[in-house]
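Peer 1: For this one, chain X is given, so just place chain U on it according to the hints.
From first to last, the protein sequence lines are chains X and U.
For the first sequence, the numbering used here begins at 1 and goes up steadily by one.
For the second sequence, the numbering used here begins at 1 and goes up steadily by one.
One or more of the hints may lead you astray.
[Unchecked claim] Derived lysine-lysine pairs resembling BS3-like cross-links, with alpha carbons at most 25 Å apart:
id, chain 1, residue 1, chain 2, residue 2
1, X, 229, U, 223
2, X, 261, U, 206
3, X, 218, U, 15
4, X, 218, X, 229
5, X, 229, U, 15
6, U, 275, X, 227
7, U, 86, U, 223
8, U, 223, X, 227
9, X, 229, X, 214
10, U, 9, U, 223
11, U, 206, U, 160
12, X, 218, U, 9
13, U, 275, U, 223
14, X, 229, U, 86
15, U, 86, X, 219
16, X, 40, U, 160
17, U, 236, X, 261
18, U, 72, X, 229
19, X, 40, X, 155
20, X, 218, X, 261
21, U, 145, X, 227
22, U, 275, X, 40
23, U, 148, X, 155
24, U, 223, U, 15
25, U, 9, X, 219
26, U, 160, X, 155
27, U, 206, X, 229
28, U, 9, X, 229
29, X, 138, U, 86
30, U, 236, U, 223
31, X, 261, X, 227
32, X, 155, U, 145
33, X, 214, U, 9
34, X, 227, U, 15
35, X, 214, X, 227
Calculated directly from the structure, the hints in this document are not laboratory data.
Owing to the predicted nature of the structure, the values given are computational and were not obtained by experimental measurement.
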Amino acid sequence: MERLRGALDFCIRHQTVLGYSTVSLLTADSEQIFSSVVFKCPCNSGNMLYGSVFLIVPAFILLLLGYMVNARTWRLLTGSCPLEKCHDCSPWGTCAHSCQVLVLVTARALVAPLTWIAVALLSSNFYTCAASGNSLIKDLICKDQGQECQNLLFKIPCDEKLSRNISSELLSLQAQSQLIGWFLIACIMTVALISTCVSLSCSPVSYLQLRFWKIYSKKEQELFEIKAKEHATNLAEINTNCFFEATDPAPFHTPSNEDWKKISFLYTFNSQEQYYSMIHKYVNTNRGNSAKFEEGCQNPTVLGFVDETHAIESGF
Amino acid sequence: MDAFQTILKFFINRKTAIGYSFMALLTMGGERVFSLVAFRCPCSNENLRYGLVFLFSPALVLLVIGYFLNSKTWKLFTGCWVNPRKIFPRGNVCHFFYVFGQITLNALIAPVMWLSVALLNGTFYECAMSGLDNPDYLNVVCNRKSDKCFGELHMVACDKSSMPFSESDELRRTLQAQSQILGWCVIVTAALLSLLTTCCASCQSKVSHLQLMFWRVYEGTEKEQLEQIFQLYATKLSERNLKCFFENKEPEPISLPAFQAWEDASQLYSFSSSKQHYSTIHKLVEEGQKGTSEERETMLNFVDRREIP
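The following block holds chain U by itself, in its conformation from the complex:
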């Protein structure tokens, strides 16, 4: 048992890396399936549209799924129609855009992975660009080839052109090479941007490294405790209600948080360097459950982010 515990702990410590690797493998698998099963280049004037749709629509779908799966989105938007002041609090209007920007950056990981894998494979780009009618582009690609290239480039992807095999093979290789170089550029840009933004955010953090580590642990345990206490109180309340219903008795009082307390506890947490609160609930409990004061506060990236798979 000890051995299994150790192995489990090893994997749990690396769950971020494992999660991202799994996502990358899934993207690669999905891209393979798509290009083998679903993708059939039309080899006509429609190449460009077809190729671009296959390249960008799955990315859009993954972006939307990314938004759906991030619980911060729902924390931000729940009840905002009823009370718009919630997302645009007085004196801190940019807070909404800051949080939305963070959610978007997290949701962009899967689409960028898809785009890079699809470009490295080359099939979609090859089909799309072989249908591009731009004369400058055609001059570059069909440089030093026969004149048939200009008219029959869109048939090259299906090997249906009347050009000699060496020429059409070279054209396909050129298009695939362009696609792969573009794919590497996408990956490098994404990696550089994420490193720079994480560095900037880390640099400006008002919280020291070890405290940040403790904070992550606290956030995880608070979530577990909340789940447990929800189960406990829900059981207690439903038992009491059903018992009173069936046995026709008066209900005994059970104390539950008021509506305003729930509203206050559901706000997204912002850190204040003068206080020492690790979450909204911690703050509420220490300052009383009447309401929270709205000061300009900094926001830390990872808080509330752990819910992303």
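Bound conformation, chain X alone:
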């Protein structure tokens, strides 16, 4: 029991990393399944279209899924069409802030598609099929050899021995695919490292405060869920009892629509004040009524985790 609890604590502490690793593993597994079960290169002039579709379309679908599943997308979008949210902000400021959030969301959503493309290139089935129908490769390999060579080229994905016969100077299509795959992985890792370094070095917050902030966000989210459930249970009990007994309900205070709107803004950090979340700010500025509440369109946060813990609640 103790070991299980210890393991569980470890999982909960590192659940973001574990979550992304699971997504990558699942993507890699599905690629293997697709590659071996579903994918059958037609070995004719349709090779290029078929191979590219299998390489790119699932990546695109995974990107769309990534957007749908990320809570920050919905937090950004919900109710944003009537643009009356931030009175003191310039529209330019709001737009810049939204773009920044969009970039962060896209970065998170790109994990699965890039894993798919990298694993697909390393397995080389899709690329071999697509390249054998590509006119560039045909020009390189079949320099002056006419239609026969092209027909043979089409048949490469279906016949192992053919690729060795056709060209010995050029790298085989399989090797090309794996090289491109490794190059892609190296690029992604470099970009990820550089962007993390840049975002952390631009962080307005020191290291220890950042750690405290992460823990605070998580705790606030957990308590929000518990309190919301408690509040909802009390309200539901009052309503259903009054419905059956045809009595008037006892006065029960629930936050107004305006209050909810105020705490639903995406949180922006202000280095002069020391608020760790929108609720913290709301509560400290006289329930959002003081003028101080409206300030805070400076320094839009570049920190990834803020508002992200809501991903757990939003259904994925």
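Peer 2: Same frame as chain X, but now just chain U:
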């Protein structure tokens, strides 16, 4: 116990994703079973009809089941013959179509999954298209093949044609490739459409994100409370009735909601941004149980949707 509670909570938080994954796995399993056990391509002029029936009939069945399983359908249609004004209230005639459209979109998920899995597999499409008699299509498929292709394409799916193996194998691969590309197109279109509609609905929502989250929680708890209170009152009432029957006594009064109160509580809920009601019952209880005023109100997608498995 704590550990199990945490694990359970983890899965309950992700029940939408788990539900959809389970549905996808079920569809894939069902499609495999069908194509291995039930599907036998006739390899004659009937190929097209046979293949299309196997492709579209299960989708239709899944659509109908989707309608059946959505409780919003029954909430919309119960009692509508007796009182047509219920579904076409004065001044808000489009409300019915809006709600019906939402129900249809939810019910379309399973058929689209079936279609995409069936097309990615390729068996049904291969059989259907090998029986298509359209000369333009035949010219494209049988391009640079022997003349036997035009007459014997429908036998290719059963490997019964007299063409050399390489040719018939290539024809099968071509048909399967077409099927799989079509399948990916279906999936991409469905994903794009659902993302766009969800974005539009979210954008125009008059309710902020956190309040929406609270609302979902409230809806779940209200449903649980209603079930509990139904059980409680049903027990009380039936106990009283049976006791009086067997002991020949006068029944003591138990207060239950009137017929009109039940009618009012059963209406589909529409949100009004000026008030702060989280459900029809909440509204009734706060405004008195005489009847509800009919204003033009916006409708939020998820309310009443939680009953779908």
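Peer 1: Each hint should be assessed against the structure and marked as holding or not.
Peer 2: We went through each hint and held it up to the structure:
Between the alpha carbons of residue 229(X) and residue 223(U) the distance comes to roughly 13 Å, so the proposed pair stays at or under 25 Å and holds. A C-alpha spacing of about 10 Å is found between residue 261(X) and residue 206(U), which places the hinted pair at or below 25 Å, so the restraint holds. Proposed proximity of residue 218(X) and residue 15(U) is supported: the alpha carbons are some 20 Å apart, at most 25 Å. Under the criterion of a C-alpha separation no larger than 25 Å, the hint pairing residue 218(X) with residue 229(X) is consistent with the structure, at around 17 Å.
Taking the CA atoms of residue 229(X) and residue 15(U), the gap is about 17 Å. The hint holds against a cut of 25 Å. Annotation: proposed proximity of residue 275(U) to residue 227(X) holds, straight-line Cα distance about 22 Å (limit 25 Å). A hinted pair counts as satisfied when its Cα atoms are at most 25 Å apart, and residue 86(U) with residue 223(U) qualifies at roughly 23 Å. A distance of roughly 18 Å separates the Cα atoms of residue 223(U) and residue 227(X); the hinted pair therefore holds under the 25 Å criterion.
Between residue 229(X) and residue 214(X) the CA atoms are separated by roughly 23 Å; this keeps the pair inside 25 Å, and the hint holds. The suggested pairing of residue 9(U) with residue 223(U) holds, with an alpha-carbon distance near 19 Å, which does not exceed 25 Å. A threshold of 25 Å between alpha carbons decides the hint, and for residue 206(U) with residue 160(U) the separation of about 63 Å lies outside it, so the pair is violated. Proximity of residue 218(X) to residue 9(U) is assessed by CA-CA distance (about 16 Å); at most 25 Å being required, the pair is judged to hold.
For the given pair, residue 275(U) sits about 21 Å from residue 223(U) by alpha-carbon distance, which is consistent with the 25 Å threshold. At most 25 Å may separate the alpha-carbon atoms for a hinted pair to count; residue 229(X) and residue 86(U) exceed this at roughly 33 Å. Pair hint residue 86(U) plus residue 219(X) does not hold up; C-alpha atoms about 46 Å apart against a cutoff of 25 Å. As the CA atoms of residue 40(X) and residue 160(U) are separated by approximately 21 Å, the hinted pair is consistent with the 25 Å bound.
A distance of roughly 43 Å separates the Cα atoms of residue 236(U) and residue 261(X); the hinted pair therefore is violated under the 25 Å criterion. For the hint pairing residue 72(U) with residue 229(X), the CA-to-CA distance comes to about 24 Å; that is within 25 Å, so the pair holds. For the proposed pair residue 40(X) and residue 155(X), the alpha carbon gap of about 12 Å is at most 25 Å, so the pair holds. With a C-alpha separation of about 21 Å, the suggested pair residue 218(X) and residue 261(X) falls inside the 25 Å cut-off, and the hint holds.
Distance restraint check for residue 145(U) and residue 227(X): the Cα-Cα separation of roughly 71 Å exceeds the 25 Å cut-off, and the hinted pair is therefore not satisfied. The straight-line distance between the Cα atoms of residue 275(U) and residue 40(X) is roughly 59 Å, outside the 25 Å bound, and the hint therefore fails. A distance of roughly 22 Å separates the Cα atoms of residue 148(U) and residue 155(X); the hinted pair therefore holds under the 25 Å criterion. Note on residue 223(U) and residue 15(U): the hinted pairing holds, with a Cα-Cα distance of about 17 Å set against a maximum of 25 Å.
Our distance criterion of 25 Å between C-alpha atoms is met by residue 9(U) and residue 219(X), whose separation comes to about 16 Å. Pair hint residue 160(U) plus residue 155(X) holds up; C-alpha atoms about 23 Å apart against a cutoff of 25 Å. Between residue 206(U) and residue 229(X), the direct Cα distance comes to roughly 22 Å. Compliance with the 25 Å bound is thereby established for this hinted pair. Simply put, residue 9(U) and residue 229(X) have alpha-carbon atoms about 14 Å apart, close enough for the 25 Å limit, and the pair holds.
The suggested pairing of residue 138(X) with residue 86(U) is violated, with an alpha-carbon distance near 68 Å, which exceeds 25 Å. As the CA atoms of residue 236(U) and residue 223(U) are separated by approximately 20 Å, the hinted pair is consistent with the 25 Å bound. Our distance criterion of 25 Å between C-alpha atoms is met by residue 261(X) and residue 227(X), whose separation comes to about 18 Å. Under the criterion of a C-alpha separation no larger than 25 Å, the hint pairing residue 155(X) with residue 145(U) is consistent with the structure, at around 15 Å.
Restraint check for residue 214(X) and residue 9(U): satisfied, since their Cα atoms lie roughly 21 Å apart, inside the 25 Å limit. A distance of roughly 21 Å separates the Cα atoms of residue 227(X) and residue 15(U); the hinted pair therefore holds under the 25 Å criterion. The hinted pair formed by residue 214(X) and residue 227(X) meets the criterion: a straight-line CA distance of about 20 Å does not exceed 25 Å.
The structure does not agree with the numbered hints 11, 14, 15, 17, 21, 22, 29 stated previously, though it agrees with the rest.
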